[in-house]
Amino acid sequence: MSRALTADACVIGAGAGGAVLAAELAEGGMDVVLLEQGPAHDPDGFTARPVQMLGRLYREGGQTITLGDPPIALPLGRGLGGTTLVNSGTCFRTPPEVLDRWRAEFGLDVDERSMRPHFERVEQALSVAEVTPELAGENAAVARRAAEALGWSHGYLRRNAKGCVGSGVCAFGCPTSAKQHTGITYVPRARAAGARVLTGTGVRRVVVNGGQARGVEARAADGAALEVRAPLVAVAAGTVHTPALLARSGLGADSGQLGRNLSLHPATAAFALMDHDVDMARGVPQSFYIDEFAHEGILFEGAAGPPSYVAMALPMTGRRHQQVMAAYLRLAQFGLMVSDTSRGWLKFMRSRPVIRYDLDHGDLEKFRRGIARLGQLFEAAGAREVFLPLPAHVAPQRARRRDLKLMAFHPLGTARADARPTHGVVDGQLAVHGVRGAYVADGSAVPSALGVNPQLTIMALATRLAFHLLARR
Amino acid sequence: MVDPGLEELIMAGPAWQRPGKRLLLSLVRRPRGLALLKRFTPADQAGYALVAMAHYDDPEAAGPLGWDADAVAARGRELRRREGRP
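Protein chains in written order, with the working numbering: chain A, 152 to 624; chain B, 593 to 678.
Here chain B stands alone, though its shape is the one from the complex (with noise of 0.2 Å):
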């Protein structure tokens, strides 16, 4: 099952590159997988990369990072009323 998020990128991605993606992201996720890919570092790299990306993108994983996205969305959303800005 992919990460909801990740799957509406994966979608805006270019066409030829979602199969690759999903398999990187099957075998990423999988022990035996994810051995298999240590020996390609650059496949093993990127699959990793979009996992890691779409877990600390949730607020479960970043909050305790110092990050809260809904946060800095409000506030500019805030300023952007209170000063009439586009």
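Looking at chain A on its own, in the form it has when it is part of the complex (with noise of 0.2 Å):
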């Protein structure tokens, strides 16, 4: 059994960017179908074990890695809501410095003033606010006093979370629902304006003719077949799924740049011991940041989570592991994020992405130099013993590449945006190169890493978008 759908626009991918997307473009007037490769959970389902939630609410159970020196995993969240599903809910606009460097390097029409509006419709719609210094939790206070104490730069993060009680699994889903992921904000607000959303639909290329899109062939969860005939498509599968599906789809191949460009803003994280209860997971997990060596590119922003998470991430075996964890409540953790200068690229491989990635030598000294002064926060924050992401007896200035324990969750650039099509993907508007009606709307389109977390500047660039769209009709 086959059967089409007809609309003025398909949306595929219900993440940071294409839910933003559908809901601005139906609430303007559109008539939208939204697909979604993964499901909608239901958060009765989210048990706050980590165990049991990476295997549901990411894709291939948040083990994706890339290959390289050193390898990295890369989680990315499966579902209505995408990353943002899963992510610590993190909110910073485009740095100015960030949008003045796209404009004069990849020639884009955006600047802070021309992001504001933006930028305040996302905030607004997802209820971005400060963490509280009691809802940040005694984790975050151990790195304020540091920070305090070595007179470095800090403050508490804005997030999109409304009635948080500070639950301590934001990675996990949020039991009580007061992430204002995209899942239950944007996309309900695209249902109520006639938005159709598809779950547990695959697309499998977008379909073009004569320069222009047609719509999209997918299979629907029940294993069909499904026709989606629309004059507008919006890829935003992700950074590391939209170059496949744009390649399946013979897209933005001719500047050379599909697939290439990925920054990842890798991260580490260490451990400090206290001589008091800190308790990690009572509170929000990433609530407080350090932007001192801002500059230098590394951003220290707070880890924290429950036992097995932490069992996953000391830097430590054996006897040694048991200790520490028998300590867990007095064990504190912070993190740091560097703005990478390397670049990755991705294929696929019978539709599994093979990601490479390799560190330079600036972004493995940022990380050397990041290590280091997790040590000096810490011991400054009068900790008993500290734990750095490093193997034993070897000092940060040392540390090799292969010595780094990272993660990373921040893709970006694969589908980066240049106004010239012989540089990038897609235009300054998010339209793919040489296409009419194909855009990108995720991380894919971002074309530099940032240097602070992405979300709202995903967001903030399907929306304007979406205006866009609307302003030509």
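Hint data in this document are derived by calculation from the structure and do not stem from the laboratory.
Any given hint could turn out to be false.
[As the list claims (entries may be wrong)] Derived Cβ-Cβ restraints for the label pairs, each shown as a range:
#, chain 1, residue 1, chain 2, residue 2, range
1, A, Ala155, B, Met603, 30 to 36 Å
2, B, Pro634, A, Lys498, 22 to 28 Å
3, B, Pro678, A, Glu285, 20 to 26 Å
4, A, Ala343, B, Leu626, 51 to 57 Å
5, B, Pro634, A, Asp428, 30 to 36 Å
Think of the CB as a built atom: it goes at the ideal place given N, C-alpha and C, for glycine as much as any other residue.
Two chains, two separate frames, one set of hints: put the complex together.
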């Protein structure tokens, strides 16, 4: 059996970019079909147990890993909400200097003033507000006291949460639905405005005829072939999967940039054993930042979680691991994220992503300095013992790439925007170069690392795209 | 015997990683296997991290450390119902 739908616009992916675009277009009067490969998750099934939730809420059970030196874990969300379902909820606007760089280097018509209304609109929709010290918990207080003692610039983070009680499991499904991920904000708005939202639907290709997008071919949740006929198609399958869909559709390859320019914001974290109870899972895991070294491309942000999360992340094994875990209540953790200059690429083998990313020397140096400063931070906090994310007896200054234990949460750039067709996959309005009616609305279009968490940037760019498309009707 | 939760997690992961993960788990659970892995720090840590994560996901191990996942989930359900959250 096959069936066909007709719409003004078909949006592929219900994460940070796609859900926002679908809702704004639908509310603007367009007939929208929103296709999501993953399921709609029922929060009643959120058990606050990481091992269970990793398998359910993440693509590949959260075990996507890059090949390269060093390998980097790259967990990606799956389902309505995409990665906004499982991120920490941290909201930064794109730094003005990054927008200036996009204008100068990539020819994009963006700046702080023109982007402001889009950021404000998203922030209002997601109830973005600064975390209170009480909600941030003792893990953040440890870092705050240390930052104050060291004179390092710091602050409480802004997050998209409403009525948060500090369950401590943002990355494993918010049990209170306090986190305002797009699956419970923009997707319901899209539905209320008449959009048809189909989950469990995998898109095979975007159909283009005569240089004009005509719709998509997909496989519905029941296995039936599905055709969506629409003169406007927006791909928002995420930085890792959007290039594959474009490639399958014969789109975006002319520039030679499709699947390239991958930045990740690689990250790591250190633990400290304190003399007092921290109980890090009590409070918002990522609630506090230190931006003293942001100009060097190093941003410190909070990290925390329940015992199983800590057990996975502690940089030791055996009896020592058991001893430290026995003192879980007195453990504190803080992370660092690097604004990377390294660039990777990705290819697909039988629809599985193969991601190659090697850390360049400049980024290795950032990690060496950043890890040393994490040690300094915890010493200033009065830690009894500090556990850096390095093998025993490796000093931060001498760390090699293979010594680093890295994760990354912010893949960007694999279908990057550039006004020149020879340099980018999409133009400044996120339209695929050389095709009418085909757009990219996710992190893959973001042309460079940001140095801050990207969800607000992706959402604001999707909002900007929606208003551009509605104005052209 | 692999913990059922861990087996579910491994099955959710990429197929090409599964044999390696199962091998790591079988080695990390045997003293001689662990000793062998210790020569290769990343493999040692990866295998141990999986086992440790599964162990501390168990309420019997997490409870004494102050973490009650069932209570956190129940509080979430109660709050959502009481306040009409999604």
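For each hint, the structure was consulted:
Evaluation of the 30 to 36 Å hint for alanine 155(A) and methionine 603(B) yields a pass: the beta carbon distance comes to about 35 Å. One distance hint, 22 to 28 Å for the beta-carbon pair proline 634(B) and lysine 498(A), holds here, with the actual separation near 24 Å. Under the hint 20 to 26 Å, the C-beta atoms of proline 678(B) and glutamate 285(A), about 25 Å apart, fit the expected range. At about 56 Å, the beta-carbon gap between alanine 343(A) and leucine 626(B) stays in the expected band of 51 to 57 Å.
The supplied range of 30 to 36 Å is met by proline 634(B) and aspartate 428(A), whose beta-carbon atoms lie about 32 Å from each other.
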